Each structure stands twice: as structure tokens, then as C-alpha cells.
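From the two separate chains plus the hints, produce the assembled complex.
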Amino acid sequence: MFTKFFYLLKEVGIPVSPTSFLRLQKALDNGLITTLDDFYTAARTILVKSERYFDLYDQVFAHHFEGAELEKPAPFELDEVAQAMLEQWLRDPKGVADALGMDESELNRMSPEELLQYFLDRLKEQTEEHHGGHKWIGTGGTSPVGHSGFHPGGMRVGGISRNKSAVKVAMDRRYRDYSQEGPLTQAQMGEALKRLRNMVPVGPKDEVNIDETIYQTMKNAGEIEIVFERSLRDRLKVILAIDNGGWSMDPYVSVVQTLFNYARAQFKELKTFFFHNTIYDYLWEDPARFRKPVKVDDLARLDPETRFIIVGDASMAPYELMAADGSIHIEERSMKPSYERLRFIAGTFRYSVWLNPKMAQEWPYTRTISMIRDIFPMFELTIDGLEKAVAYLMRSN
Amino acid sequence: MTQESSSNPQFTGASRYVLDEELAKIVNISMALEMPLLLKGEPGTGKTMLAHAISESLNMDLIVLNVKSSMKLVDALYQYDTLTRLNDSRFGDSTRNVSNIEDYIKMGKIGQAFVSDKRVVLLIDEIDKADTDFQDDMLDVLDQMEFDIIEIDKTIRAKHRPVIIITSNAKKDLSDPFLGRCNFHHIAFPEPDMMRRIIRVHFPDIEKDLLNHTVTAFYRMREFRGVEKKPATRELINWIRALKADPDFKIKDLAKGNIPFLGVLFKKSPDYAVARNSVSRMRL
Chain A
32 MFTKFFYLLK
42 EVGIPVSPTS
52 FLRLQKALDN
62 GLITTLDDFY
72 TAARTILVKS
82 ERYFDLYDQV
92 FAHHFEGAEL
102 EKPAPFELDE
112 VAQAMLEQWL
122 RDPKGVADAL
132 GMDESELNRM
142 SPEELLQYFL
152 DRLKEQTEEH
162 HGGHKWIGTG
172 GTSPVGHSGF
182 HPGGMRVGGI
192 SRNKSAVKVA
202 MDRRYRDYSQ
212 EGPLTQAQMG
222 EALKRLRNMV
232 PVGPKDEVNI
242 DETIYQTMKN
252 AGEIEIVFER
262 SLRDRLKVIL
272 AIDNGGWSMD
282 PYVSVVQTLF
292 NYARAQFKEL
302 KTFFFHNTIY
312 DYLWEDPARF
322 RKPVKVDDLA
332 RLDPETRFII
342 VGDASMAPYE
352 LMAADGSIHI
362 EERSMKPSYE
372 RLRFIAGTFR
382 YSVWLNPKMA
392 QEWPYTRTIS
402 MIRDIFPMFE
412 LTIDGLEKAV
422 AYLMRSN
Chain B
372 MTQESSSNPQ
382 FTGASRYVLD
392 EELAKIVNIS
402 MALEMPLLLK
412 GEPGTGKTML
422 AHAISESLNM
432 DLIVLNVKSS
442 MKLVDALYQY
452 DTLTRLNDSR
462 FGDSTRNVSN
472 IEDYIKMGKI
482 GQAFVSDKRV
492 VLLIDEIDKA
502 DTDFQDDMLD
512 VLDQMEFDII
522 EIDKTIRAKH
532 RPVIIITSNA
542 KKDLSDPFLG
552 RCNFHHIAFP
562 EPDMMRRIIR
572 VHFPDIEKDL
582 LNHTVTAFYR
592 MREFRGVEKK
602 PATRELINWI
612 RALKADPDFK
622 IKDLAKGNIP
632 FLGVLFKKSP
642 DYAVARNSVS
652 RMRL
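Chains as they are written, first to last, in the working numbering: chain A, 32 to 428; chain B, 372 to 655.
So that you can see chain B by itself, here it is in the shape it has in the complex (with noise of 0.2 Å):
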């Protein structure tokens, strides 16, 4: 075991996503101890950029699930392709055997994740869409690594265990048994020192001045009243990369409160409406 554990991949980071140190700790743990990680957190705090930086770091190839609210457990596992065998047996003009059905067996998500001959990241993004009878059938899948074919009576075993990072924006509660078998953590929004260090990595050249007064209005404006949707770290770098583009912007206009390009940043209409209104009375 010791072994293994040491020669195990450790996670620390990747070029374009910066990592505090307790996630790290976190991640690392949950892969030793092969439990999913769930990640909650608001929009906005890169729950799915860790499984990108994941799989970039370690060199392993990413399977993103991205959940819909009408999927079905098997929809994630496999789907037999009845259509296309009818079609075959009618036309008969493929490579495919129509006596053979396993010929017409795809894989979904977390079967390509199954039979892959390499490790891989498996992303379950946005769990909490789906309702809970999924939730729990898809730990069990997780848990035993293995599902049956039923056309085919077939058992597909996991080669290798991935490394499994479940994201939630917490509309809803999960349900017991499913938070009992993963590990968990929720991600804060970024305190203004990360958020400095997370807009570097984005624009490594950029002003210092642009940076502070960028990052001091932004956290200004998160703190608005009646916003709906407050505006986050995705906002904040496309904020930046249009106020770069704009060669009439001057910082000095953000310290009179004069913010262009509020709609970068407020998306919803009302949002906006009050933003607007609130920045005018806004001075850094």
C-alpha cells in the first residue's frame, strides 16, 4: 500500500487554475481513499475548472457528464442502438453483425470512464440537477465500479478506478445515502488576495492599478443589494479582458465610478437596472 500510495499521482495545481492549498489536500486525500469528491459552491468558484486542472496536471484524459434534469441513470451508462440495427436488418449494407447486438452498444459517460484502458477523470457536472432516484443509483454504480448490459447480459467492470469530481450548485438538498458515500467540500468564494492571484494567472502582464481597481470595484459590486445574480470570477476576467480591449478606458474613470461594460458583468436585466443605479453612487 505504502507503495502504491507513493508512486500515486499528487495533485498540485495546473497552468491556468490556481490552487489553494487545503483543495489540494482535499483532492489528493480523495483520490487516495478512491471517493468521489463533491464540490459545492457558488457559480463562479471553479468547481469544474478543478477537474480540467485535474486532468491537465496528473496527464489524464477528462469524461465530462454533464447532467440534464430528464436523464436517466442508463442514458449515463449506455444506450442501445435499437434504430440502427432495424435499420441494418432491413438494409443490410453495414459492417456491423445485425445477429450481434453488443455490435450495437454504446457507451455513455461513465461507461467510456469504465472501460477506458487509462485512468481518467470522470466530471459529473451539475449532480443536483437530476432527481434523486438518479443520484442514488448512480453512487451505487460508482461504488460496485460495475454495471450490467441488460440486452446483452453483460457486466462492464471499471479497469480503472477514476478519479470521480461531482459538482452541485445546491438548488436542492442530496439526499443522505448519496453525501454518506462521497467525500465533500464546499468552495468559498475567492477572498480579494486569491481573486488577485486567479485574474494574474489570466492576464500575466497586467497593470497593477488596472488590477487593484478592477478587483476593489468587483467585490464593490458584489456586495449590491437585490442582484439576483452576483457577478462572478468568470465575469470578473471577461470584465478585464474588455476593458483592455477598449483603448478609451482609463483607470482613473473607475475610481470617479464611471464602470463601462456593466453588462459584462450583470447578465439579468433587472441586475443590471439596479446595478446601474447603484454605481452611480458608488466612489472607490
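Extracted from the complex, chain A is given alone in its bound form (with noise of 0.2 Å):
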């Protein structure tokens, strides 16, 4: 029964198990389930693991029970998908001309504002036809493949280029947030990262020490002597800061997901920072980088054996770095060149890298990525550079 329904669940990307229908068979056979509404309320009890899945199940549960529409895309769905198929078209022009029938040159001449409104044109025209194909898009759009885009027409419109230099950052998604979703922590990266801890006693001596006791015991010859002590805790402290910006990073998004997700799971003191290219006078501790600024001078009161990781691209136009005004962004206006910045930090914590996703035969030809690697010592975010940055990290002197 309702194996269709099943199947429509997991179709729409809701992760539903075999295991859990089963059990959902189970209630209905018992005659727990008698009317729709229990239905509703059991089914998705059992089948649906997560709110974020909930109005997706209640489009489907509705869809297929009281034949009602899949909802059509609102306004502001629309921008999305239209952004989306704007980044796809940076990436394969050709595809996407394609695929709407347009001679792709003809879509070479517009601006990036004609293009975005011309997708929107086309996507509310075809709403009808699409019935949640804008999944597809949508899905297609943001998932990073490739990176070999050029900018057709010469645009600046974001940094996909080679170069990753453009100056303003057209469209900037900034309400990207890494810790929503992301692939699972991956056991690669968890063995990688094991050895990034320090084991200190802490606490009330509450534990026993028993090979010690004995010994003391019969040293006392046979009084018995217990003997105490502080249990070990991890008390390695991490802050993790994220380049979040921009389209030079979005190539390395599920790569940043999966360090992110494992270091929240792993690490009991971790800080997670956010900033875009490079770091002025502020950091974030939200990803949409607005809320919650955190003066990077008030880094200095922080414990030192900190453990500070950088996750960037560290690519840029060299006076982002280098100008004392050199923030792409009008609101962050500040005094300090991002270099001297860089330098503060990595004077105050003794233990901090950067981890590149970038490949490192990538780094002669970004001259910023050379004046960072003068500053922290830069490894790439791959298995084999993250044990070489943990054994950096760890270093005893």
C-alpha cells in the first residue's frame, strides 16, 4: 500500500528508508491508522526524519492524495532559479542556450541584468511545463562541478574565471549557509583530523588510578592507599574562519561543507568565523556576514595555543591585500591593509595554517596566494594536506 506515495517522497529528495515504510505497513496493519488525517500525522512521524523535509512532504502528501497542484514557484523561488541557470550559463553557455532554444551568441550580447530577466521572462512562461523542474535546475545550478568557466562576453559578472579577480561581486549569495546541509561527515577527513587534539587532566581527581593504587597498597604493605586522579579531556581550542564569499569559492562548497560538519561534531571548542577573501578589521560569526561582527583585534585576548585555521581560495586582486582601503566591500572601510591583518593574526596564535582548495600547482600563478603563504604556512584542503596541517598544528615546539 501507497508504495507510490514511497517512492514520490524519495523522488522529491526526501530520505526516506525501506526499513521505515515497512514500519509504517506495520502501524497500518495494527489499525493505528483508520482516516487520512492519521495518515498524514503517522506517515511522516515514521517516514519524515527532519522539519527541513516537512513542507516538502506536505506538497507531496498533498499532491498525491488530494490531487492538488505541486505549488507553483513563487516570486522570490523564481530569482533563485533564475540566478541559478545565470551560473549554470557561466559555466556551460552552450548547455543552457541549448536548452531554451536561444542561439547562444544572441545570449552573449546582453548584460547581466538582461540575461537574469530575460531567464525570469522565460521561466514564468514556462512554469506550466516545468512542474518542479526548476529542481533540476536548481540542484544542477548550485551543486559545484567544474570550474573551467569563462566569462562569455567579457562580463564581470562573479569570479569564475581563472583569474578570480572580479572586482564587485555581481550577485553574492550571501545567505549560503555551510552548516544547513551538506553531504555527511566523511570518515577520510575524521581519520585526517584525529590526531588534532590535547589530551590535558581536568576537573575533580574523581578517577581511580588502579596500577597506581595497587603499587601505593602494597608499598604501604597491604593498608590500602587509593589514589586519585583528573580524568583527560580534549581541550584543544579551534577557530575555524571560512572564506564564504563570492563565486571564487562556490568550486569548493561541499569540500568546506564536509570540514565544517565534521569540525562542529568533533571539536568541543571550536569558534567558526566567516569573511569574504581576505580578513580587514572584522570577522563574522554568521555566514551571511552581517549580524554578529567580531573585531579581529579582540583576538588577542584569546588563549594563544589556539588552534587557528583558515579556509580560503586566498585569491584576490593583490590590492585587497595590500591597500589600506582595500575591502571590495563599501561598508568595510578600514585603515589597516588586510596584510597587516593577516600578519596580527598569525603572530598571536602561534598554531594557525591555511587550507587552500586549490590545488597547490595552482599557487605560483595567484600572486596573493604567494604573499599569504609568506604569513601562514598554506596546505591544501585535501586528505594528505590536512595531515600535513594537523602535524603542523601539533608540533611540540
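A portion of the hints provided could be inaccurate.
Unchecked claim - Covered stretches of chain B (chain A as the covering partner; in silico rule of three or more C-beta atoms under 8 Å from a C-beta of chain A):
| id | region |
| --- | --- |
| 1 | 395-403 |
| 2 | 453-465 |
| 3 | 545-555 |
Don't read these hints as lab results, they were simulated from the structure.
All values reported here derive from a predicted model rather than from experimental measurement.
Glycine is no exception: its CB is placed at the ideal position from the N, C-alpha and C atoms.
Have a look at this one:
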């Protein structure tokens, strides 16, 4: 029963497992479910394991049982889709032009605004035929595939090109929160990071050291002498600063997500900050880099033993790093060049590294990477690179 | 089976807990399927209270396991008190038999729920604090309803399958195998209507004006931007209690945007400052 419903849930991307489906059958067999209302509640509680999918579940349920239309995308969703299409088009202009039945060269002549408007118009007239077809564009568009893109028409829309120094980011998708979703923790990454810990005795002396107790009791000629010790806890403090800005980091979203998810589960004392391209006067605690700024100067008050890990591609226009007023964000005016800021951080935390998702052989071609490498030891964001970085962070001197 | 389910107790609500129909269904289904029920939702939505309410209304004992980050699974199952045994062996002035290890095994919370003679409600509170190993191992135990005590080579089987409620504040994502073995429900923050009912349960004789004004003000204040910890049901109840206790308080003040006892609602000092600021601009 309801197999079709089950597969529909699966199709729209809700992770439903066959086991839970069998459990639902059991509930049906036992006469626990008598009305459609019951079924709605029961199926949701048994099949859907996260509130993130509740909305999707509602839509599928209504569609399947009431014959209601799958909801037409709201205007802001259309914007998202259009933007995703634009991204897609930057990567693969020909494919998108073909899909729209347009000549590639015709699209190339448009400005980004015109292009966006054009996509929007097309989407609006097409929603009838599409039916949730926006899903494939959405997912296809945001999944960070290849990065061989170039700028058709030579527009400065984003930073996907090889040089990655688009001067102003046209469409900053600031609300992409790395913590929201992402692949599950990769065991490999866990292995690499496992050595990043610092066991120190803390707390009250409440653990009996059996060996020592026996030894001392013997020495005492059988008079019991119980030896207590503090238990060992991992007290390593880690700060993770992530470049989540602009397009140049987009191809690496999934690997950064993995790292972030792992770090969140692994470290007890983990602070995460976000920045765009490089660090000026402030870091942000929220991924949108808007609500919770933290002064870089305040970092000096933290434990200097903290491991400071920066994740970013370190690719930007040289002036962003060297000029006293280099930030590409107008609201972020600073009197100190970012270069000084980075040196300040490196000086404050002697255990600091920069993890770069770009492969090491690409490094010599970007000037800012070499400059940052003068300040921080840089490692690839790969399993090998991570292991080296951990070894560096845990070095004893 | 039908006979059993008809004789099964059904959960309908408790004296201090306002239960919505949907949640009641979910609880009943989970009890019938003998599945742990995982509850998520922001603090103050009554996740923990639900377990108390179930135990009250079905007249079962409640056993609470408060999960701590450093907890190991075995702590929740049983404890072998080596120290007392060592002490007894030295001084021998207790009634326990030193050569019988079983005398020195103490049951943890899950163990207590298993050996209890009556069916109990087992609340595992804030599971997300523990690491994933703990969570997965625990689900194994709850799945099989038995565990071994290694020291005395004995298997403890549950006499009655407890009603298991697990809560999570979702600081971390729970692992897939864990989720696979639970039923799931997310308790949304109550709507103003629901909130009025909740308040009436706690203050049966509350004046209508006071109720409406406080609830409206409360939902306005939850909208304040830049607040880290939004006030929840618990804060609202305490706040109303404070207002009722204050002889100088007049309902009209609220309408003017003059909110007393802000500290009851916003407990972090940056939040308090933000709220103080925003309140002065608020008009009801």
C-alpha cells in the first residue's frame, strides 16, 4: 500500500528508508491508522526524520492524496532559479542556450541584468510545463561541478574565471549557510583530523588510578592507599575562519561543508568565523557576514594556544590584500591593509594554518597566494594536506 | 494484538500540559509501535514537559536520563562500584558480600527503566549533547532491550518495554542510523492562540486583558532582530508571574510600550541591551 507515495517522497529528495516504510505498514496493519488525517501524521512521524523536509512532505502529500497541484514557485523562488541558471550559463553557455532553444551568441550580447530578466521571463512562461522542473536547475546550478568556466561576453558577473579577481561581486549569495546542509561527515576527513586533539587532565580528582593504587597499597604493606587522578579531556581550542564569499569559493562548497560539519561534531571548543576573500577589521560569526561582527583586535584576548585554521582560496586582487582600504565591500572601510591584519593573527596564534581548496600546483600563478604564504603555512584542502596541516598544528615546539 | 492495543492506555493530555491533537496521535503511534520518539524543536516548546505529561496521565513512573557531553553509554546502563568493594574488603563492616560482585553493581537510568517491575516512561533529555558513538550504541541497547554486565557476565533484559522519549535541541545533526530507529516529530513554537491556552492552564484566573496584552507583547518581542536567545514559553510564564506579583503594574503600561521586568525575558546581557533599545520604539 502507498508504494507510489513512498517513491514520490523519495523522488523529491526526502531521505526515506525502506525500513521505515515497513514500519508504516505495520502501523497500518495494526489498525492504528483509520483516517487520512491519521495517515498524514503517522507517515510523517515515521518516514520523515527532519523538519527541513516537512514542507516538502506537505506538498507531496497534498499532491498525491488531494490531487492538488504541486505549488507553483513563488516569485522569490523564481529569482533563485534564474540566478542558478545564470550560474549554470557561466559554466556552460552552450548547454543552457540549447536548453532554452536560443542561439548562444544572442545570449552573449546581453548584460547580466538583461540576462537575468530574460531568464525570469522565460521561467514565468514556462512554469506550467516545468512542474517542479525548477528542481533540476536548482540543484544542478548550485552543485559545484567543474570550474573551467570563462566569461562569455567578457562580463564581470562573478569570479568563476581563472583569475578570480572579479572586482565587485555582482550577485553575492550571502545567505548560503554552510552549516545547513551538506554531505555527511567523511570518515576519511575524520581520520585526518583525529590527531588534532590535546588531552589534558581537568576537573576534580575523581578517577581511580588502579595501577598506582595497587602499587601504593603494596608499598603500604597492604594498607589501602587509593590514588585519584583527574580525568583526561580534550581541551583543544580551535578557530575555523571560512571564506564563504563570492563565486570564487563556490566550486569548493562541498568540501568546505564536509570540513565544517566534521569540525562541528568533533571539537568541543570550536569557534567559526566567516569572511570574504581576506580579513580586515572584522570577522563575522554568522554566515551572512552581517549580524554578528567580531573585532579582529579582540582575538588577541583569546588563548594563544588556540589553533587558528583559515579556509579560503586566497585568490583576490592584490590591492585587496595590500591597500589600506582594500575591501571590496563599501561598508567595510579600514585603515589597515589586510596584509597587516593577517600578520597580526599569525603573530597572535603561533599554531595557525591556511587551508586552500585550490591544488598546490595552481598556487604559483596567483600573486596573493604567494603573499599569504609568506604569512601562513599553506596546505591543500585534501586528505594529504589536512594530515600535514594537523602535524604542523600539533608540533611540539 | 487488537485486544492488546485496545487495552493499551491512550495518551490524551495532562493537567499542566496543553497537548495538540497531532502530537497526541504521534505519541500514541510511537507507543503502539514500540518505537522511541525523537522530539526536536527550539527550547521552550515543551519537549521535556511532554514526557512528564505522559507519565502523569498514564500513571507511569518517569525516569530521566540527562545526557552530558562526557557521558559514556555504560554510565547510563550500570556502574560497578569498585571503590566501595575495595573499602568493604579492607574493613568488612558492611552487610554486602564482598565476594559477590553483583552487590556492587548499581543500575544507571536505562538499567533502572529495564529492571522496573512496571512499565515506565524513559526520558532521554538532550541527546545531541553526547557524541555520535554514544547515540548509536544507545539505540542498539534500546532496540534489543537488553545489555550485558561484563563484570558478572549477566544479561539484563527489559521486563517491560519503556515508553521512550528522546529530546534534541539540534545543535548537532543526529546520525542516520539513529534517526532510522526513531519516530520523529518537530514541535513548532506555539501559535498565539495555542500560547493563550497554555497560559490559561498555568494561570486559570488570569484577566483577559492581561492575557491578550502580554501574549501580543511577547510575540512582538520575539521578533526583535539581533537577539541570540529568544524568550520562550518558560520566560513568558515567569514574566506573567512577575507582572501579577507587582502591585504597581498596570496593563495600560504595556500598551504604551513600557515593559517592566525585561530581564525575565532576556537573560543574556547583549540581548537585554538590544531588547531595551527596541522596546522603546515598540507600540502595541
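What hints, given by number in increasing order, does this structure fail?
none
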